[in-house]
Every structure is written in structure tokens, then in C-alpha cells.
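J.: For the record, the sequence lines run as chains A and B. Sequential numbering from 20 applies to the first sequence in this note's numbering. Sequential numbering from 15 applies to the second sequence in this note's numbering.
Hints in this document: simulated from the structure, not taken from any laboratory. Please note that a few of the clues may not be correct.
Restricting the straight-line Cα-Cα distance to at most 20 angstroms, the calculated cross-link-like pairs of lysine to aspartate or glutamate (EDC-like) are [said to hold, decoys possible]:
{"id": "1", "chain 1": "B", "residue 1": "K226", "chain 2": "B", "residue 2": "E79"}
{"id": "2", "chain 1": "B", "residue 1": "K192", "chain 2": "B", "residue 2": "E45"}
{"id": "3", "chain 1": "A", "residue 1": "K104", "chain 2": "B", "residue 2": "E101"}
{"id": "4", "chain 1": "B", "residue 1": "K242", "chain 2": "B", "residue 2": "E280"}
{"id": "5", "chain 1": "B", "residue 1": "K95", "chain 2": "B", "residue 2": "E45"}
{"id": "6", "chain 1": "B", "residue 1": "K144", "chain 2": "B", "residue 2": "D134"}
{"id": "7", "chain 1": "B", "residue 1": "K193", "chain 2": "B", "residue 2": "E168"}
{"id": "8", "chain 1": "B", "residue 1": "K126", "chain 2": "B", "residue 2": "E113"}
{"id": "9", "chain 1": "A", "residue 1": "K104", "chain 2": "B", "residue 2": "E113"}
{"id": "10", "chain 1": "A", "residue 1": "K34", "chain 2": "B", "residue 2": "E113"}
{"id": "11", "chain 1": "B", "residue 1": "K147", "chain 2": "B", "residue 2": "E101"}
{"id": "12", "chain 1": "A", "residue 1": "K34", "chain 2": "B", "residue 2": "E116"}
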Amino acid sequence: MNLLISLRSEILKTKRTASLYLTIIAAAFGPLMSMLDLILDGVETKERNMILESMFTSKFQMTAVALFPFFLMLICTLLPQIEYKNNAWKQVLASPQTKGQVFLAKFINIQLLVVVFLVANQLLMFVDAVILHFMEPSLHVLSQSVNVLNVLNMLASTYVTLLALCAIQFWLGLRFNNFIAPVAIGFACWFGGTLLAMQLKSDIALYFPYSFHVYTSFPQFKSQLPTVMWQSLAYAALFLVLGFLDFRRRRMVS
Amino acid sequence: MDNTHIIKTEGLCYHYSKNAQTLFDVGVQVERGAIYGFLGPNGSGKTTTLSLLLGLLNNQQGSIEIFGQQLQTNRIGILKKIGSLVESPSLYGHLTARENLEIYRAVYGASKERIAEVLDIVKLDDTGKKTVKRFSLGMKQRLAIALALLPSPELLVLDEPSNGLDPSGIIELRQLIKKLNKAYGMTIIISSHLLSEVEKMVSHVGIIYKGKMLFQGSLAELHLFQRKGSKVFIDTSDNEAAFKLLHSHNVERVGNTVSVPFQNLEQVATINRTLTENKLDVYLLHPKQNDLEQLFIDLTTAHP
Numbered sequence: 020m021n022l023l024i025s026l027r028s029e030i031l032k033t034k035r036t037a038s039l040y041l042t043i044i045a046a047a048f049g050p051l052m053s054m055l056d057l058i059l060d061g062v063e064t065k066e067r068n069m070i071l072e073s074m075f076t077s078k079f080q081m082t083a084v085a086l087f088p089f090f091l092m093l094i095c096t097l098l099p100q101i102e103y104k105n106n107a108w109k110q111v112l113a114s115p116q117t118k119g120q121v122f123l124a125k126f127i128n129i130q131l132l133v134v135v136f137l138v139a140n141q142l143l144m145f146v147d148a149v150i151l152h153f154m155e156p157s158l159h160v161l162s163q164s165v166n167v168l169n170v171l172n173m174l175a176s177t178y179v180t181l182l183a184l185c186a187i188q189f190w191l192g193l194r195f196n197n198f199i200a201p202v203a204i205g206f207a208c209w210f211g212g213t214l215l216a217m218q219l220k221s222d223i224a225l226y227f228p229y230s231f232h233v234y235t236s237f238p239q240f241k242s243q244l245p246t247v248m249w250q251s252l253a254y255a256a257l258f259l260v261l262g263f264l265d266f267r268r269r270r271m272v273s
Numbered sequence: 015m016d017n018t019h020i021i022k023t024e025g026l027c028y029h030y031s032k033n034a035q036t037l038f039d040v041g042v043q044v045e046r047g048a049i050y051g052f053l054g055p056n057g058s059g060k061t062t063t064l065s066l067l068l069g070l071l072n073n074q075q076g077s078i079e080i081f082g083q084q085l086q087t088n089r090i091g092i093l094k095k096i097g098s099l100v101e102s103p104s105l106y107g108h109l110t111a112r113e114n115l116e117i118y119r120a121v122y123g124a125s126k127e128r129i130a131e132v133l134d135i136v137k138l139d140d141t142g143k144k145t146v147k148r149f150s151l152g153m154k155q156r157l158a159i160a161l162a163l164l165p166s167p168e169l170l171v172l173d174e175p176s177n178g179l180d181p182s183g184i185i186e187l188r189q190l191i192k193k194l195n196k197a198y199g200m201t202i203i204i205s206s207h208l209l210s211e212v213e214k215m216v217s218h219v220g221i222i223y224k225g226k227m228l229f230q231g232s233l234a235e236l237h238l239f240q241r242k243g244s245k246v247f248i249d250t251s252d253n254e255a256a257f258k259l260l261h262s263h264n265v266e267r268v269g270n271t272v273s274v275p276f277q278n279l280e281q282v283a284t285i286n287r288t289l290t291e292n293k294l295d296v297y298l299l300h301p302k303q304n305d306l307e308q309l310f311i312d313l314t315t316a317h318p
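All chains, please: the whole structure from these sequences, using the hints.
T.: Set out below in C-alpha cells:
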């Protein structure tokens, strides 16, 4: 109950902030690019009978590789910055909430926005499908079938795989009293992690949270996805505990 | 349990780094129903002490008892009954006054009606959809006080609440604090380095300097202390003779004059009579009472 009250408080703080706009814009970017791709290049012959399935699965690849990690980096930094920007930490911590409640409520608030991101992304992709249906009636897009379970499975695995990155970025967002440092660290690590897996094909990528996005996005890495998902969960738990211990220990007021 | 004291700290010590001790054995005792002025120059340890009372800093040494309970073991229960404003207002600029209060309403278990009540108390009930970033500093300060009042607190902790306020804002704040104390029975601890400001509203005073408590007591005790420090400055046709005549009064030479401690104006008259009866012409007879400002300077400069 107390956690729910703290969560309510955190959600209210995000009203009229850039967080919700950022979530919707980031979620819309993938479907927008897909739509442009379909308008400019048309639908490949081999995909004509399964374009709807393809839109919800293979076209999600770009989102899973770059947009979703970038969104996580930004949102994990943006939300804790609300307190720094408004000099509000002392009021939060002088209110009758435990530091654990405040920490968890902030993390859950981020997860809610992540869910909004994924749902909005899929809904907008469906809008793409409707537009394509009327643009190219011969495709009968809306009459095609989609394996919903497969789509949900893909979304869930993407979410779990990036949970480690989310926990680390959340810690960084709480740790730094500015927006640039956590985002810069996150971006540099993402770039390094992608290179490690894609170019260097190093085994280290399997243990580096900022490489995990490639395992959910590219077919050649899919065999190791279950291992990566478990590791991501373990990393997330570890960094949440470390982040909380650091948050509890640190003076949040000058 | 000590029912008379709402705050009781013993032996508080705090250091931000190993080489910089900020508080030394600070004992603060605030009586229920008091308006306690916590005075000290900038950097004397006021905010650190208040931050310790609110659990914003981890207590390193000493004990903190609030409402008869140890802060370390009952922090959440204690904070439910405390309203606070520490230094500058902690408000969300992108939200309205009402939305800022709504954030903490459920946290403090306050009713929806309470928001309208506190906005009315601080006269911010007509700000509508104006966001806080467009508020003047005085309005922000008043909203921060409304936030502190939200839980209908038994104890109000205000750290330098008049910072940045114009004279009329300071007067309004003073009236509000007196009203809260009188009408709602709130115990209030208010820190300031503006001595003239708190002197007009407090019932008790604590003076801290360089992390050490120099004085603590009621305003009446402070005035007694003040009277003890009052002196009359005298210049006569023969100050050497005057010095000898007043020897039994702990007389001192101050430049070209002599000074004699006094406790009431009758004593001044007696001194004057003694001088004139001994054929000394009195050119100057200047009783100088220690005001709080002078007392504060005396207290702080006596402890380098």
C-alpha cells in the first residue's frame, strides 16, 4: 500500500514533463520509418503474403537494436532528474516514505513508461498496417494472420534482455546530478557493446549488458537468447541492489 | 517519556568529511507549543542540525528524540507529524500549486479538502493553472509553507524561511507563523541569521556558532542575560576620579570614557548622583542595553 502511494506520487510528478512525449515519440519512430520504407521501396514479393507478421516481428528489429535502448537511457535519466532540477530531493526524503519505497516507486514508474512505449509501438505499427491495407488493397493486409503469441514472446524477450541496461542506467540517472553524463556513458557502452557482438564477435558480449540487445534482434544470436535473458535478470537484480545501497548511503541533500 | 519537550537531542556530532567537523555536542531542546528561534551565522550548523532532525542526514553520534520517540527507530511515524521547509522551496516548477500539494497528499494521508485549506492559509487559493515556475519567490515560499502544513503537523521545521522575501513578505510570514502557533497549537522551530526577524515572534531561542550551542532558553532568560550585559558609558570632568568612585561597581576604562554594568535605570540614576555629589561634571551618561544583535555578536565573538 505504501509503495502504491509512493508510486502515485511519482506518476503525478511526471505530469507535463517531457517523459510521456518522449515515450510516444520514441515509440512512433520505428513505425514511422517502417511506413516510409514501405511507401518508398514497396513490399518485397516474398513478403506479400506475410507482410502483417513481418511488420510486427522483423520490422521491430530496428526498435529493439537502437530505439528501445536509447529510449531506456533517456527515460532512466530524465525521471530522476526531476528531483535534481527542482531541488526536490530534500522534500521527498523528509516525507514519511522509506528510501526503499522512493527508489522502487521511481523504478516501477520507469517500467510503466516502458510498457507504454511497447504498447504504443505495437499500436502504431497496427496503424501502419491499416494504412498499408488501404494503400495496397491487393495485399489484403488486414486479412493476413499474425501469430500473436510469437509477437508477445518477442516483446517479452526484448524487455527482459534490456532490463539489465535499464537497471544500470537507472542507477546512473540517480547518481549523476546532470543529464549528459548518464546518457553519454550509456551511449558509449551501447556502441561498444554492439561492436563487441557484431564486429568483434567476442564471447565477452555474452556477459556485457550493453551487448544484450543484439541477441534479441538478430537471428544468428537467437540460440543464446535464453542464457542472455537469465543473465539480464541477474544483472538487473544485482544493479538494483547496488543502486539502492548507493542511494541509501549517499547524501541526496547538500 | 518527557512530555514537555517535543524535540530533545543530546550530544549531536556531525562531520561531512574527516577533517571538517560541523557539529560539536549539540543539544537542542524544544518545548511543546514553543516557537523556537534557531540562530546562528551562515555556516554555523543550523541546516545540518535541522537536516539531522528530519533524517535527511544519517546521525553519526548522539541521540535524537522527537515526540518522545527515537528518530532512528521511528523515522516514518515521526515524519508523518512533521512539516518542513529546508532552505529554498522544493517545488516542481512544471506543476501548479494544487498539483504540487497533490503529490504529497496521500503520502501524508491528508484529505483532498486539506489542499484547499492550506492554500487558503497561505493565500494562494487563486493561482489556478499558473505553474510554479511562474510564481514569485514569495509565492513559492508560501507554497512551500503550505506543503509543510499539509499533514496538519504537530511540529513545523522552517529553515531560513524568510530568505529572499521582501519586507512585506517577511511581515506576512511572521504573522502566519504566530497564527499557526496560536490558532493550531503548532510547535515551530525556525532557523535564521536575521536576529531582528525572529526576536519578534519566538518564545525560545537557541544560538549556535561554529557547530556549538552557545545559548538556549526562553526569550525571557535571554533578556535577563541581555540585561546582565548592559552597560552605562560615562564621561566626566575627571574620569580618573570617577573610576575610583565607582570602583565597587566593576567599572572599566573604555577609551576616554568609563563603563559600568547596570541592571535597571534606577542604578544609572544612583551612579549619576554619586558622581554629582562628588563635584564631578557629567558630560555623558549613556546607558547601552544589549539588544539581541549585540548579544549575538558578543556571544559569537567571545568564542573564537
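J.: Could you work out which earlier hints the structure fails to respect and list their numbers in ascending sequence?
T.: none
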